[in-house]
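**Q** Got chain W; can you put chain P on it based on the hints?
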Amino acid sequence: MRRPLALIVAAALVLGQSSPALAYLKFGVSIRGRQVTVKWSQTPVRYSVSNTGVPGVTAADFQDAVGRAFASWQAVPTASIAYQLAGVTSASPGSDDGVSVLGFRSRPDLDRVLASTNFLIDSSTGALVESDIFFNSAFPWSVASAGEAGKFDLESIALHEIGHFSGLGHSALGETELRTTGGRRVLSAEAVMCPIAFTSGSIASRTLKADDIAGVSDLYPDADFGTEGSVSGRVTKDGQPLFGAHVVAFNAATGQMVGGFTLNAQGQFSIGGLSPGLHVVRVEPLDDAELDSFFDGTRVVDIDFRVTFFDRVVVVPKGGDSGEIAVKVVRK
Amino acid sequence: MRWVGGLALVLCAVSSSAAAQATNPGPRFNAGVGVLWNGRQPVGDKAATETTATGGTSTLFNTSSDLAGAAGVAGRIGVRLTRSLVAEVEAAYLKPQLRIAISGDSESAAAVTAAETIQQFTVGGGVLWYLPGREWSPRFAPFATAGGGYLRQLHEQNTLLETGRYYQFGGGVSTLLVAGRHFHLAGVGVRADVRALIRSKGVAFDGGSKASPAAGASVFVRF
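Going down the list, the protein sequences come from chains W and P. Quick note: the first sequence, position 324, residue 324 per the numbering used here, numbers continuous. Quick note: the second sequence, position 203, residue 535 per the numbering used here, numbers continuous.
Bound-form chain P, shown alone:
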């Protein structure tokens, strides 16, 4: 898997251990940075057709397109609103491949997958809710998330831009690795989550919304 250059800004989400949350609302702010992976998204099938004498169509070749799964970087900043609720803003950067698989050529051309690499930026926000009933583990804090934001997809050569929106919901766990005051930090932890990602507009040859799985892992600090 190839890493894209450039660190994405980012921000959010913090969490704290279940034990700490249970006894103390904890610090107000959190920031984290990590990696994420977005799953494959089909973006539409389209046939190249010609018109026949009767007004019907004859297929010259078929195309089937998708955005390949890709890894990227992401970051978050969170603000604790209540004991269980955190508001987050987040940004991410990925470079998925757009692939157009060409097949079924009427003149037997070899099947080919044409590709390009897209730079995808997202900026958005959401909420993280620490689930009740965390007594099953004193160290891990399970949570649910939901949110959405703005999507920007830049094609190769930076000459064509597509924009859209995304929505996501999912859940995960976080845990504190280091607790207590160290310098200005109140704690350091890690977080992992999985999401369902729904994209509206952006690269979509058939105009519809696109759904895919997504996952992320990050390191966060509390301050």
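Pulled out of the complex, with its shape left as it was, chain W reads as follows:
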């Protein structure tokens, strides 16, 4: 018997919003005390698009833009997920009807939410049953190929939301600064799944990065993913395990970065989907976004430590793990 449980994720915002992510890059839920990854159990995943446009974006434009975003995720060579357009619908996103719908809705009350993804999951397995994405028509939108000043790029935001739609949480691969008017402004990011969107007019988030590719491949691995490697280890401060540290593996040959978090009481982390080769590991406090963009409010995340590099070159083997590394950080 299915007991659907709705989860709400808001992402790609001017200001990060909460998401119940319990695992790096992937959503998780607790089912009978066991942590389960939220993902689709079957592909292709069928979706419908709303027949409603907004100024500057017709329904056909909308369908094309989200189609390109779905195609980007589907094109990841090491992931097996596929998507299929089921058709155009007059239904709005957000109705729990078993049909995954993407469309516009006007939510002026959510004045920092550009778009949001809702889930229905099978509470016994964690399998996704439905996922809806709404784009807030209270903001100006654009599908112009080069972007449009003052308007948010629909394809970029759709790419982020479809990451959530597929089961990915937020990535912390981004740098931000606090705005005097409240919230944060993203300065740079190296993941489409960074919780804060670039400013209007930007089309910089139309391309998936290594971190996004690792995440979706980890969720839906295909045969090629088996040749990728991983880094695992433990972060401590004053000899005690540290929860919520952001750990980044940097490939010294390709320059690609993939991030993860210490996610348990032992301060352990594991970052998968890495190209075999030599890596530098950097550990930083999670201070570039609101903590509840990554973890639920019950978690105590330690951000009182200095950015630290592991002092050994980390060897990531083909299809294997680096072996546990131990990173010690110190207080700020």
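Note that these hints are calculated values from the structure, not bench results. Model, not experiment: these values are computed from the prediction.
Listed next, the in silico DSS-like pairs over lysine-lysine satisfying Cα-Cα at most 25 Å (straight line):
{"#": "1", "chain 1": "W", "residue 1": "Lys-237", "chain 2": "W", "residue 2": "Lys-328"}
{"#": "2", "chain 1": "P", "residue 1": "Lys-533", "chain 2": "W", "residue 2": "Lys-318"}
{"#": "3", "chain 1": "W", "residue 1": "Lys-332", "chain 2": "W", "residue 2": "Lys-237"}
{"#": "4", "chain 1": "W", "residue 1": "Lys-318", "chain 2": "P", "residue 2": "Lys-427"}
{"#": "5", "chain 1": "P", "residue 1": "Lys-533", "chain 2": "P", "residue 2": "Lys-427"}
**A** What follows is chain P alone, placed relative to chain W:
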């Protein structure tokens, strides 16, 4: 300087004194073993960057990597082809450190050099040519060498292997310390040489060929 365990097999190069060479082609085979040193090789710089709203890049930190200079063991076997020309095969084993210097962190992390020790094996061959005009010294035989071979670099924990090729050219001198038949040996001598070493593939973050100086000293026997 830390010595790597394990004796490298090796082989080659023999030489003989200039005087002996001048009057007698000498024994046909030579074998030698010794030490070598490979100089530092930069292996590439790479910045960790993030994308900005305009599609530009913002640097999170910089890395600059090299293979540190290292000493190792080497050996050779040589076969005299003509009075002045010797064909050699050689093998060597070193344990250089790969160092990645990390600096310029955008959040002011302390600069760090991350390191690991690599096991490097080479097997190759080449020719040694005794230079003409050796009359300046009756004891020393100057020579020039050129060759190349296969390179194998094994990272820590033996989980990642990189292979490549190397090419080298240089020169040196050899001298016989003991000449004449003793047991089965026709002579014992020493040899020193310097080389320019060019490596293709192997550890190279930027994909290019790498050059470094190298030097060696060995004891050899003729038989």
